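Enquirer: Given next are the chains, with one letter for each unit.
Number of protein chains: 2
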Amino acid sequence: MPYEYETDGAAIYAQSFATIRAEAALDRFDPDEEQVAVRMIHAAGMVELAPHIRFSPSFVATARAALEAGAPILCDARMVSEGVTRPRLPADNEVICTLQDPRVPDLATQIGNTRSAAALELWRPRLQGALVAIGNAPTALFHLLNMLEDPDCPRPAAIIGCPVGFVGAAESKAALWEAQPVPCCVVDGRLGGSAITVAAINAIASRKE
Amino acid sequence: MPYEYETDGAAIYAQSFATIRAEAALDRFDPDEEQVAVRMIHAAGMVELAPHIRFSPSFVATARAALEAGAPILCDARMVSEGVTRPRLPADNEVICTLQDPRVPDLATQIGNTRSAAALELWRPRLQGALVAIGNAPTALFHLLNMLEDPDCPRPAAIIGCPVGFVGAAESKAALWEAQPVPCCVVDGRLGGSAITVAAINAIASRKE
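Residue numbers (my numbering), protein chains in the order written: chain X, 1 to 209; chain R, 1001 to 1209.
Source of the hints: derived by calculation from the structure; they are not laboratory data.
Certain hints may be false.
What the simulated footprint calls covered on chain X by chain R, stretch by stretch (three residues with Cβ under 8 Å from a Cβ of chain R suffice, anywhere in the stretch; the number is not a length) [said to hold, decoys possible]:
{"#": "1", "region": "15-26"}
{"#": "2", "region": "112-118"}
{"#": "3", "region": "121-130"}
{"#": "4", "region": "165-173"}
It should be emphasised that the depicted structure is a prediction, and the values quoted were computed from it without experimental measurement.
The beta-carbon is built from N, C-alpha and C at its ideal position, and this holds for glycine as well.
Construct the entire structure; sequences and hints are all you get.
Expert: So, in structure tokens, the structure goes:
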């Protein structure tokens, strides 16, 4: 006797988002933020994520305008860059992860940091106006904040700051939220990760549900 | 004034795992399971994941032996296949995701299911003795269970069943746990996802922490 289950992708999405909207505390979000938050919650499988999501007032509009203008998306991990749904991107935007670049191990030694942090040094030529998505490494987010302390460093348009884990994740996101060098979205505390980050990118890229 | 933070990757791992072992309820796991569970919790950023993780008694040993014997790892999503840390693999194992295969859209129409489910039809030549890792789509896990209802279908060595979400995730994992066609690991309920799944693979692949 075969297992019976919903096999229609569109119906699965619709039912998932309806469940999230019925269960999650979304009142404090404006309509654009709400769409992004719903997709982040969907990726996490947790309506309990809602109170941890924070947006700068102009974040969604700024990030979306950047993508519509053709900005690249700079990602700290391949699990982020590989998750972005290319057909949702408004300008066939480049999705870039420099972590596997052969220069990274030497750069890491040189700057005395992780490879995840060192990889951001290779973002500099593309950083101006980009959408930055950090969904894995707290050291990458901290290093970005230090890069942006230099007024001569190019400025991204917006930052998704969602590193995950037990060492530096909460601290780096709190530092981003406090500094707000550009409009940003964070998931506070230990929660975060590549799936939640990808979901935010995919929701910013297109309002389609 | 630059931000100060831990920049040594090995120290970050050690401190993260120590925090998890201090906070998470891990007593019910044997030593091999405990290592896998710790890495899954690390990826999720949630010690609250612990009570949701279930292992068949022989799961870790069976899955590890399969990898040591050169078994491929069959993944339902590129966020899973891209996350596997290749140097941890004991036999330079192939990591396969068929979701982007050009035959998949037609196959999905033909079998009346999602692309995630249809992609598994292309696993058949590699399925015997493989380690299966489903970290995204409930429809993929349900379709696998239906494939395995056929006694002529090749048998994987072990299954990591961790799809995430609000429609079919809890149900498909409960069905896997009930049927146990081969040794398996599941995260029950809505939680799961590619990061947790990748963490399980990486922990099975090598005991190195």
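Enquirer: Now look at each hint and say whether the structure bears it out.
Expert: Here's how the hints hold up against the structure:
1. Interface restraint, the region 15-26 of chain X with chain R: holds (4 residues with C-beta to C-beta distance below 8 Å; minimum three).
2. As drawn, the region 112-118 of chain X meets chain R at 5 residues by the rule of a beta-carbon pair under 8 Å; at three or more, the given contact holds.
3. Proximity of the region 121-130 of chain X to chain R, defined as three or more residues with a beta carbon under 8 Å from a beta carbon of that chain, is not established by the 0 residues found.
4. Coverage of the region 165-173 of chain X by chain R holds [criterion: at least 3 residues with CB-CB distance below 8 Å; count 7].
Consistency note: the structure conflicts with earlier hint 3 alone.
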